[in-house]
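Protein sequences appear in the order of chains A and B.
Numbers 652 to 1216, taken from the numbering used here, label the letters of the first sequence in order.
Numbers 173 to 252, taken from the numbering used here, label the letters of the second sequence in order.
Accuracy of the hints is not assured; some may be wrong.
Claimed, not checked - What follows is a set of in silico ranges between Cβ atoms, one per label pair, in the way DEER data are often shown:
| no. | chain 1 | residue 1 | chain 2 | residue 2 | range |
| --- | --- | --- | --- | --- | --- |
| 1 | A | Glu-1083 | B | Asp-180 | 52 to 62 Å |
| 2 | B | Pro-226 | A | Leu-741 | 51 to 61 Å |
| 3 | A | Val-726 | B | Asn-207 | 34 to 44 Å |
| 4 | B | His-183 | A | Leu-741 | 24 to 34 Å |
| 5 | B | Val-175 | A | Ile-792 | 38 to 48 Å |
| 6 | B | His-183 | A | Gly-1085 | 55 to 65 Å |
| 7 | A | Thr-1171 | B | Asn-177 | 29 to 39 Å |
Calculated directly from the structure, the hints in this document are not laboratory data.
Ideal Cβ positions, reconstructed from N, Cα and C, are used throughout, including at glycine.
Listed below are the residues making up each chain.
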Amino acid sequence: MTESSANKPANGDACHRASGAKKPGRNGYVKSPHLIQQKHCHAKERSHHVITCNGGLYSRPFDESFEETPMLVAVLTYMGYGILTLFGYLRDFLREWKIEKCHIAREREEQRDFVPLYQDFENFYTRNLYMRIRDSWNRPICSVPGARMDLVERLSHDYNWTFQHMGKVIKDVINMGSYNYLGFAENSGACLEAAAEATAEYGVGVSSTRQELGNLDKHEELEKLVARFLGVEATMAFGMGFATNSMNIPALAGKGCLILSDELNHASLVLGARLSGSTIRVFKHNNMQSLEKLLRDAIVHGQPRTHRPWKKILIVVEGIYSMEGSIVRLPEVIALKKKYKAYLYLDEAHSIGALGPHGRGVIDYFGLDPRDVDILMGTFTKSFGAAGGYIGGKKELIDYLRTHSHSAVYATSMSPPVVEQIITSMKCIMGEDGTTVGQERIQRLADNTTYFRRKLREMGFIIYGNNDSPVVPVMLYMPAKIGAFSREMLKRNIGVVVVGFPATPIIESRARFCVSAAHTRDMLDVALSAISEVGDLLQLKYSRHRALLTADWSSDDTSYDGIEN
Amino acid sequence: MDVKNLKDYLHWLYYQYLLITSIYVLEPWEQTLFNTVLFTMVAMVIYTSYVFVPIHVRLALKFFSGLCGGQQESTVALIS
Chain A
652 MTESSANKPA NGDACHRASG AKKPGRNGYV KSPHLIQQKH CHAKERSHHV
702 ITCNGGLYSR PFDESFEETP MLVAVLTYMG YGILTLFGYL RDFLREWKIE
752 KCHIAREREE QRDFVPLYQD FENFYTRNLY MRIRDSWNRP ICSVPGARMD
802 LVERLSHDYN WTFQHMGKVI KDVINMGSYN YLGFAENSGA CLEAAAEATA
852 EYGVGVSSTR QELGNLDKHE ELEKLVARFL GVEATMAFGM GFATNSMNIP
902 ALAGKGCLIL SDELNHASLV LGARLSGSTI RVFKHNNMQS LEKLLRDAIV
952 HGQPRTHRPW KKILIVVEGI YSMEGSIVRL PEVIALKKKY KAYLYLDEAH
1002 SIGALGPHGR GVIDYFGLDP RDVDILMGTF TKSFGAAGGY IGGKKELIDY
1052 LRTHSHSAVY ATSMSPPVVE QIITSMKCIM GEDGTTVGQE RIQRLADNTT
1102 YFRRKLREMG FIIYGNNDSP VVPVMLYMPA KIGAFSREML KRNIGVVVVG
1152 FPATPIIESR ARFCVSAAHT RDMLDVALSA ISEVGDLLQL KYSRHRALLT
1202 ADWSSDDTSY DGIEN
Chain B
173 MDVKNLKDYL HWLYYQYLLI TSIYVLEPWE QTLFNTVLFT MVAMVIYTSY
223 VFVPIHVRLA LKFFSGLCGG QQESTVALIS
C-alpha cells in the first residue's frame, strides 16, 4: 500500500469557504481549516498527486493515509514467518512419526486408504501458527460488552490446545474491541426497559418466517422507522446481518449481470456475489480510476464471449471498511454510477449511526441524497446494540425482495426484544424520544475518534484509514507481536482485538481498536498510556512521520511526503 | 543500581530478539533448540574469521602492494 495522504479541499470554493467553515454538528471535524485551505489553493497545482479536486464533489477534506510498510520491518516479518514455518515442518514431522501426541482431528486407522477427510496441509497455518497464540481470541465475556467488561480468566497447560477455567474473572477490562460505536450495548436505561416490556408482551421466539406467520406489527413499525431514519421509501429488516448480504444479492443479480466489487469487501458480500452466479470483477480498494476503467471496459465489450450488453451492472462497496478504517469515496462513486448508468449497493454495516452529523451514515457524512444510492444495506449490530440487518431503497425493490429473497422466505424473523431495542435506540438517535442523548452520543463519538486517532499518530504508530472513522487499525506486522500485544494489553486491563492472516495480508497484521461513545476521556487516556507503554516495550512505533497534524504545517510539498523527524 | 538497569536492559534486548525472530510463540524446548543452532552457527563464523581472515588480509595486501608498488620485484619474492 503506497503513501497516499490525500488531503483534498475539493475545489476553488475552498479558499473563500474557509471563513465560514465551522458548522454546528460537524461530526467532530474540529480542525481549523483556515490556513490549510488558503495555502492549498496554491499548493493544488504543485501537488505530486494527480488527484483533481473533482469539481466540487467533496464538501469537506477527505483525509486518508496508508503509510507504507518500512522495508526492514517487512524483511524481518518474512524472516519470522519463515522460522515459524520451519518449526511447523519439524512439529508436523514429529507428529507424523508419533514422537509427539497429535491433538488435531485425524482419521481413524481403518480409514487410512479412503479419500482424505482432513487436508493436512491446508491446516498447516492453523496447527502451527494460530494455535500457539490462540489465547488472544475467543475470550469468554461474562458481562455486558459496554465500555468496560469482565473476562473469564483461562489457563492452558498444553500450549493453547485446551483451556481450563479456574473460576476467576478479570473485572472492568476497558473494552477497545467491541463494535459499540454509540454505546447502546448497556444493561440499564430506556432501551433495556422497552426490550423487557416487549419480551413480556410478545415472548422471545417468533417461531415462523416473515412470509408465514412471523410478521409481527413490531416488524412493520421497525421498517417504517428505518425508512424514515434513512430517508428512503421502504426498508426490510432481517434477523442476521451476514445473511442480509449473502441471501439478498442473489435475488438482485443473476447470470448475465456484472458485479463490480471492491478488493477488500467483506466475506458476506463476496459470498452473496458468488452465490448469485453473476460475473464478478474486482477493482482496487477505493480506487476510482480502477472502477471507471472496469465500467468502461464492461460497457464497451459487453459479456465475455457473446459481446451482448450486460443485463445490469451492480457496484458493491462498503461505507467503512473495518479492516482498513477507510471510508468509501461515495461522491465519486455516485458520479460514476450516474455517468455509466450502473446500480449501487452500499453496505453500511460499520458506518450507520457512526458517521455523519445526524448519525445517518456515510451518505449523511458526505451530505448526499439517499435516493442516489439504489440499495442501502446496513446492520443493527454495531451502532444500535441489537442484531440483524436491513435493506432500504425504492418501494418496488423492497416489495420484490419480500417475495424473492431467501432470507425473507426461509429465515425466522427477528426476535421482539431485539426489534424493540432497535426501535428505541433509533428513536434516541433521531431525537424523537424527547432527549438530546442521541445527538450527544454522536458528538461524543466524533470527539473521541478525533482525539484517539490524533494521539496515536502523535505517539508514532502507523494508523491506517480515514481520520473520521471510528475503526482504528494499528499495524503490528510481526507474528510474535500479535500474541505479545494482546497479552500485554490484557495484563494492563485493556481488551483489544488483534487480526492476522488470513483476514489481512500476511505481513500486515494489526490491532483493531473501535472507539465508542461510551468511552470517557479518562478511559481513553488510560488506554492510550497503556498502548504507548506496550508500544515502547514491543517497539511498535514504526512511523516515520512524527510531530505532524497541527494546523500550522507549511503546506508545500512536505504535506504529502510527511515531515522527517 | 547500574547492574540492575543493565540486567533489565539485557532482558529487554533478549525479549526484542524473541519477538523479531518470532521465537516468542514457540515452546521452551523449541526456543532452546533454535538458540543452540544459532549460537553454534555464530560461533563457527567467529572461529572461521579468527583463524582465516588475518592470513587472507595479509596475502591480499602483499598481492596489491606487489602489483602497484614494485614492478621490479620478482615473482619469487612474492611467493616466499
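Tested hints:
Between Glu-1083(A) and Asp-180(B), the C-beta spacing of about 58 Å keeps the proposed range 52 to 62 Å intact. A hinted range of 51 to 61 Å is violated for the C-beta pair Pro-226(B) and Leu-741(A), which are about 38 Å apart. Take Val-726(A) and Asn-207(B): their Cβ atoms lie about 21 Å apart, and the range 34 to 44 Å is violated. In this structure, His-183(B) and Leu-741(A) meet the distance hint of 24 to 34 Å, their C-beta atoms being roughly 27 Å apart.
For the pair Val-175(B) and Ile-792(A), the supplied restraint of 38 to 48 Å holds, since their beta-carbon distance comes to about 44 Å. One distance hint, 55 to 65 Å for the beta-carbon pair His-183(B) and Gly-1085(A), holds here, with the actual separation near 59 Å. For Thr-1171(A) paired with Asn-177(B), a C-beta distance near 37 Å keeps the hint of 29 to 39 Å intact.
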